[in-house]
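Enquirer: Chains as they are written, first to last, in our numbering: chain A, 34 to 391; chain B, 34 to 391.
The hints are simulated quantities; they were obtained by calculation from the structure and are not laboratory data. Don't take each hint at face value.
[To be verified] Result set (DSS-like, lysine-lysine): computed pairs, CA atoms no more than 27 angstroms apart in a straight line:
| no. | chain 1 | residue 1 | chain 2 | residue 2 |
| --- | --- | --- | --- | --- |
| 1 | A | Lys144 | B | Lys130 |
| 2 | B | Lys144 | A | Lys99 |
| 3 | B | Lys352 | A | Lys37 |
| 4 | A | Lys301 | B | Lys301 |
| 5 | A | Lys85 | A | Lys144 |
| 6 | B | Lys144 | A | Lys130 |
| 7 | B | Lys240 | B | Lys261 |
There are 2 protein chains.
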Amino acid sequence: MKKKLSIHDIARELKVSATSISFVLNGAVAGKKVSEPVRKKILDYVESIGYKPNLIAQTLRTGKSKIIAMLVEDISDPFFSSIGRIIEDNLYKIGYKIFHSSTNNNTARAKDLLRMFRDRHVDGYIIAPSPGIESDIQHLMNTEGKPVVLFDRFFPDLETINVVIDNEGGAYTAAKHLVENGFSNVAFVTLHSDQNQMSGRLQGYMKAMYESGRRQFVLKLPYNTDPKELTKLIRSFIETNREINAVLFATNYLTVSGLKAISELNLKIPADIGVVGFDDNTHFALFSPSITAVAQPLKDIAMQIVQQLAKALDEQERKRKTTILPAELIVRESSVLPYAIDKTYPYLLKTRTTNQNR
Amino acid sequence: MKKKLSIHDIARELKVSATSISFVLNGAVAGKKVSEPVRKKILDYVESIGYKPNLIAQTLRTGKSKIIAMLVEDISDPFFSSIGRIIEDNLYKIGYKIFHSSTNNNTARAKDLLRMFRDRHVDGYIIAPSPGIESDIQHLMNTEGKPVVLFDRFFPDLETINVVIDNEGGAYTAAKHLVENGFSNVAFVTLHSDQNQMSGRLQGYMKAMYESGRRQFVLKLPYNTDPKELTKLIRSFIETNREINAVLFATNYLTVSGLKAISELNLKIPADIGVVGFDDNTHFALFSPSITAVAQPLKDIAMQIVQQLAKALDEQERKRKTTILPAELIVRESSVLPYAIDKTYPYLLKTRTTNQNR
DNA sequence: TGTTCACGCTAAACCGATTTACTAAAAACG
DNA sequence: CGTTTTTAGTAAATCGGTTTAGCGTGAACA
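Let the sequences and hints guide you as you build the complete structure.
Expert: Here you go:
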């Protein structure tokens, strides 16, 4: 367990000062030059023993860590982990490492992690903020002056850089699509949440229903509920409201729980009930029937985050900026009635109550 | 952007020495006591201004960071991210933060990350090692003396703590199950890899085939191949070997690509072809038909990792130890022929070549 | 009463880099 | 040739903690 050598060890060995070594390694500060022979001697030696400066000491002195913190709700959610991976790859290319952690929707934990990140002197933050940490983020920016990029949702009152998708438009298109494909009573299953991505999706749904003159069926489920419970709640919602013949789910995992509920009810998709999910999933295409979804442009989101952050790290002053990316509806089998394809026979369309057998 | 205050600022303010503060905050070192009044004064003040020591300085001086590094292939793989999350939750409880990153099967990147972790003075490592980093891990232990827990796979030559599942047993059970359910020609689709979890699975399959006196069909796919390409390769493998009437996939994502291939070939599961996946997936139960899988006990794996690591962090000397957890076969529709349930009519079983229409 | 010891506390060294401030020597200038 | 400027290099301060070594003072002991 031999000890790593420090810049001073090298200085002693080479009979030069630590200062010179530091200058050489950091590409000589303007005006402070090192002669070519000394420079070469140092470089060669450093190379030969594979010396790398101690990052902790470097961070302590400079206050910069070349680390970006990423904070999401749940790293095992494919939406977050996919974006996380793309971001990681790209920040890596410009010399930043990324440090990610998940809050599990626990405000205390989020605060704690944020504090830890700050203590570790991370250079910037990428956050899908959970409710309740608005003030911490505010504090982060004021006290530390570090750039913060929020994604998936944001706090309108904060001067952060935000990257989100057009939630309202996405939900609107999806709901409209269901109506146009002959589903007369489209329900919206969402979370009881006032985060703005959720309210946007709800808005989109309501707008579509309003424009089409259809009744609204909205189920708001509690946060932090386990999948089994969600399935039960969705199931009883569908049972209670027999008129419903299509459902738009507001998130990834609601769709999954919803599909389970539908399968328990022995309803056939799309014949008995149409389905569209918000957030696509690698597996939706493989389900039978395949599931129509509002796909978020993961790659674009990630790239925007990286780009905006990189820019903010360079510039001194940060200005608020919100980038809204389009969502895309990927139509698959679950939202298209086979006999509805011929739009000339709309009278063939029926509500589930009339044709299901249960 | 007011500056955070340091221990020296407090010392000046309170007219005590920084040493005393440090002693109080770190629970007075044996013999070096601080009188009760002073102690209280310090504690009260620290509390009132919410002072927290600078972790960077602390790490620089002590060499301990209270951070555990976690390195996996791909953080967006549900297997890794689920385990990661459980580990994160539990290490958090005992005062450690976790810092995870993915290697993307890139050896150079793995080495780089390992070096960065070391430079950041992490206290321990949790690694699903990719091939080629054996020497780096070796070096890590020798030079740093930090505890290392490998999981999912390990290097038999290294003195690490290992947590793995019974890959051979899992694959054996799965293959046997297919044979017993009337699938006469079971293929094994795996990766061209000599990592030991993979060779274990292959062993299990071969053993089952050997014991049942069946022919072996093995497809070894290259590493780091994109899903579309994988689908193509699996498809042509199934097309070429028409006798195959069941497939055991060696990993999560191979199963997904395989299902796509099977769907493209218009083969019905399980009538034309039986399917079992290694690694379960939240969505497999929702596919239609639902997919039989060898489930790894995610929670147990994570808990074992946490426990063993916690123990190693306490003790000074680490001893090698390999924990093998059982895998469980979760039988669903994809591996059970409807008409094969009545085992008394085994002659009804047929190979795909005789009944498919393509 | 003089010596020892324990207690309570602190000055200073240290971790390993960066950066400021300064010096000696060489070069440029008048 | 004397003075100023530039150049090459280094000593020392700094970041913010922890830890070692040591210093008075009062209590215990002989």
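Enquirer: Please go over all the hints and tell whether each is borne out by the structure.
Expert: Going through the hints against the structure:
A threshold of 27 angstroms between alpha carbons decides the hint, and for A:Lys144 with B:Lys130 the separation of about 13 angstroms falls inside it, so the pair holds. Between B:Lys144 and A:Lys99 the CA atoms are separated by roughly 18 angstroms; this keeps the pair inside 27 angstroms, and the hint holds. Only pairs whose Cα atoms come within 27 angstroms are accepted, and B:Lys352 paired with A:Lys37 is accepted, the gap being roughly 24 angstroms. For a cut-off of 27 angstroms, the pair hint linking A:Lys301 to B:Lys301 stands: about 19 angstroms separates their Cα positions.
Pair hint A:Lys85 plus A:Lys144 does not hold up; C-alpha atoms about 33 angstroms apart against a cutoff of 27 angstroms. With a CA separation close to 13 angstroms, the supplied pair B:Lys144 and A:Lys130 stays within the 27 angstroms bound. Between B:Lys240 and B:Lys261 the alpha-carbon distance is near 31 angstroms, which puts this suggested pair outside the 27 angstroms criterion.
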